[in-house]
Structure formats: C-alpha cells, structure tokens
Amino acid sequence: MTEQELIASGKLELYVCGSLPENEVQEVEDAIAQYPNLKKEIEIIESSLIQLAEGVAPPLSAMVWTYILNSIKNVRNITKETSDTTNWKAISGWAAAILLLCGLFYFLNENNALQEELEITTTETNNVKEQLEDVTEQKIKTETILADIRSEAFTPISLPGNQNVAPEAKAKIFYNKDQQVAYIDTKELPTPPRGKVYQVWSLIMEPLTPTSMGLLDEASLVDTGLYKLENFPEAEGFGITLEPEGGSETPTLSQLYVLGTVNTAP
Amino acid sequence: MEQPDYLIDLLKERNERAFSKLYMMYSEAIFGIIYSIVLDEDIAEEVLQDVFIKIWDNASSYDNTKGRFFTWILNIARNSAIDKTRSKSFKNSKKNLSTTNFVDILSSSDNLNKKTNAIGLKKFVDKLKPVCISIIDLLFFKGFTQKDAAEKLEMPLGTLKTRNRNCLSDLRLIVLGPQ
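Chains as they are written, first to last, in full-length UniProt numbering: chain D, 1 to 266; chain S, 1 to 179.
With the rest of the complex left out, here is chain D (with noise of 0.2 Å):
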C-alpha cells in the first residue's frame, strides 16, 4: 500500500481511534518508518479528535490534578515504606522476639537447673547437718560411755578366751554392780560367723547358774565394737557363747568362747 493509499483507506484514523487489530496496527506502525509524512497526517488526525473530545469535556476542576499528585505521592511514600524502613523495623521485631523467647527458653532451662542444684545442696546439707547431729550425739555417748568406764562405779574385768573353743579370743567387760550395767568390749573377739550371734551370761558360781543377760547386736551396741546391757541379775562371773540367732534359753558350753570372773577383792 502506498502512503496516498493508505492515507485514502482511513486506516489512520482507526488507528488513532485504537479501532484496529494488532497486525494492522503494525502495518501502520511500518508504514510510518518507511513514509515519515504519514506521522503529520496521523498527528494532525491526533489533534483534532483530541479537540473533539475537549469539545465535550466539562469544565475541569484543578482539584482533580492535586488529587492525583496526592495519591502517586502517598503511593511512593508508602511503597518506600515498606520496601525499607518498615522491612527493617519488622525484621528487627521477629529477631527481637525471637532473641527473647531463646533468653527465655535459655534463663527457663538454667532456672530450673538451679532450682535441682539447690535441691540437690540443700538435701546435701541436710544430709551433712544429720551427720552432724549424728556424730555430735556420737560424740556425746561416748563421753558418757568413757565416763561411765573411767569411774569408780565400773570394775572391769578381763575374759580370756576359752583354750578348747577360741584361745585367741579375749573380751572386756566393765561392770557396774550397783546399777546393774555392764559394757562389753568385743574388740578382740572374732566376728560371728552367719546365721550365730555372741550371747552374754551372767554367772552365779556356787552353784553354777548361767543366766542370760542378752545378745550382742544392733539393739544393745552403743559404740565401734562396744555393748552395753542392763538389768541383769547380780554376776559373779560373765562368759559368752556362740548362739543360733535370737539367742538360747541355756548356753551352749561347748562354744563357750570367753569367760571370767568378777573380782571378789577389795
């Protein structure tokens, strides 16, 4: 098509119009860079249907323009906004809030860590206090034991070992004969084999009686290897025998291991 031809066809207003499809539209477009006269035409095609339209306008407030210039302001403002400053200051929120649940998570595990160890400290320190006590109360007991031992009151006298049973067995006992108590060393006695225990007599020797004044275990020791019993009937001698547990109504002489007799002298 020529550019007179194309001129005739009225393509040029449709084209301005935007009446016609995208590959006349091209075709225009070509024509233009090959026959640059036919830019006038359109152009002037351009402006009078641009006063044609203005023609039909109503009058045009200035308000509208500030209008628009408020909102592609507040539009740039806002997309400014939020491609930075706010960005930032979301990102520093979450890494603050999350920077405070670890500490929390963090100060949660370590309180209770310590609340255990205090636990565990002050169980510790209740167990050291008991030991204390014990060791005080100990303490006490013996004195009272080394006291009882050292006065006038306790006579001691020796057991040696019986020569057919345990020869190289030997016992102490510390006799208060007013109060009826005796303490029985038993250091230098074997250890009862299991399932026996030793059992303390006290002996009337004319004639011979033996009664029982108790076991040695758990109920009458009172300190490292030392017993102590009472209420007993007056001795004149003391043995100890190797006894079933629970101990025997009548001694059993062949495990007689010690024996001795209480000092009638002055």
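Please note that a few of the clues may not be correct.
[As the list claims (entries may be wrong)] Here's a subset of chain S near chain D, in silico, CB distances under 10 Å, partners left out: (1) Tyr-26; (2) Phe-31; (3) Ile-33; (4) Glu-45; (5) Asn-75; (6) Arg-78; (7) Ile-82; (8) Lys-84; (9) Asn-117; (10) Lys-122; (11) Leu-138; (12) Asn-164; (13) Arg-165; (14) Arg-172; (15) Leu-173.
Source of the hints: derived by calculation from the structure; they are not laboratory data. Each residue gets a CB set at the ideal place from its N, CA and C atoms; glycine is no exception.
Knowing the structure of chain D, use the given hints to seat chain S on it.
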C-alpha cells in the same frame, strides 16, 4: 500535535514534572471521553483520577512502537469509564445512557471558556450526518473495534473506514483551518 516522547520517557522514570505536563496536554480530552460515557461530572472526575493514576503506575508498559501514546491512554480511559458504568452503584443511580452521545453533549453545552474552538465544534456537529455521529461515537468515544463497529452499523469494513475518514475531514478543517 507531535507526540512528546521525551516527556513520556521521563514519565517512565517517574518524573512528576513530565507527568504534570502530560496531564495538561491530555487531561481535558480524556475527561471529555470519560464524560461522554458516564454522563456525570463527579463520576467523570473520579474516573479521570483513576485513569491518570493508572497511567503513572503503568507508564513503563507503554511501547511507542505499538501505537500512539494518546491511543494508549484513550484505551485506559474508555475501559475505566465503561467499567464504572457496569458497577452496581452506578447502575443504581443512572439509567439509559446509550441515547446520549457527544453531539448531544456539545449541542447542550454553554461552556465557552475552554481553549477549544467551541463555536466551530458546534457548527461541525450541527452539520454531521447521523451515520457520521454513529461512526465517530462508536469508534472514538466508545472504543469499538472496527469489526464490532462494522457489525453494529451493518456496513462492510472498507466502507466503515472510508466513511469514518470522510466524517472526520470537516473536523480537521475546524481544527487546522483550510489547507
């Protein structure tokens, strides 16, 4: 009018001064197009605002190898105005717009304060044949494609094109004076 490509390039770089100049150049014509569709000054102003905000936002999508800048904004304006007439609130307040066209508006207008040659335009439209009014109304003001307009007016495509050209030939005389 030569197309201000340098202003359009600046607009694409979001230059407010260039945008302001382009608004001065095109806003009144676009306002006329919008008004001819919505036929309410307040609504037309609203749509005009939307149209120029769209132009600002989408300037980068205009390609000057694929048509005139005026054609590009003309399309935005007609589409926005037609969308407005389809909105529920618009339908409730307005009825039966189709009978009013640009000639009715121009004939009843007493606005002589504009830069346009209003008296000349009135003379022009007074002389326009009914078929010309329909053709210009459909193609320019309503944005019909050539195919749709030809179907609506029941004339061959070639006839539509040449008639449109002839209908507009008097208009250019008013605008430019005899050449």
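Against the structure, the hints:
1. Annotation: interface hint on Tyr-26 (chain S) holds; nearest CB of chain D at approximately 8 Å, less than 10 Å.
2. Satisfaction of the interface hint for Phe-31 (chain S) is found here, the shortest Cβ-Cβ separation to chain D being roughly 4 Å, below the 10 Å cut-off.
3. Interface restraint check: Ile-33 (chain S) against chain D, minimum CB-CB distance 5 Å, threshold 10 Å, status holds.
4. Proximity of Glu-45 (chain S) to chain D holds as hinted, the smallest CB-CB distance being about 5 Å (cut-off 10 Å).
5. Evaluation of the Asn-75 (chain S) hint against chain D yields a held restraint, the C-beta minimum of about 5 Å falling below 10 Å.
6. Given the 10 Å rule on beta carbons, the hint for Arg-78 (chain S) holds: about 8 Å separates it from the nearest Cβ of chain D.
7. At its closest, the beta carbon of Ile-82 (chain S) sits 13 Å from a beta carbon of chain D; the interface hint therefore is violated under the 10 Å criterion.
8. About 15 Å separates the beta-carbon of Lys-84 (chain S) from the nearest beta-carbon of chain D, more than 10 Å, and the hint is not met.
9. Given hint, Asn-117 (chain S) at the interface with chain D, holds; its Cβ is 7 Å from that chain's nearest Cβ, closer than 10 Å.
10. Among the interface hints, the one on Lys-122 (chain S) holds; its C-beta lies about 8 Å from the nearest C-beta in chain D, closer than the 10 Å criterion.
11. A hinted interface residue such as Leu-138 (chain S) counts as satisfied when its beta carbon comes closer than 10 Å to some beta carbon of chain D; here the least separation is about 9 Å, so the hint holds.
12. Against a cut-off of 10 Å between C-beta atoms, the interface hint on Asn-164 (chain S) holds, since the closest Cβ of chain D lies about 5 Å away.
13. Interface restraint check: Arg-165 (chain S) against chain D, minimum CB-CB distance 4 Å, threshold 10 Å, status holds.
14. Hint status for Arg-172 (chain S) relative to chain D: holds, with the closest Cβ pair at about 5 Å, below 10 Å.
15. Annotation: Leu-173 (chain S) was flagged as interfacial toward chain D, and the flag holds, the nearest CB pair being 9 Å apart, inside 10 Å.
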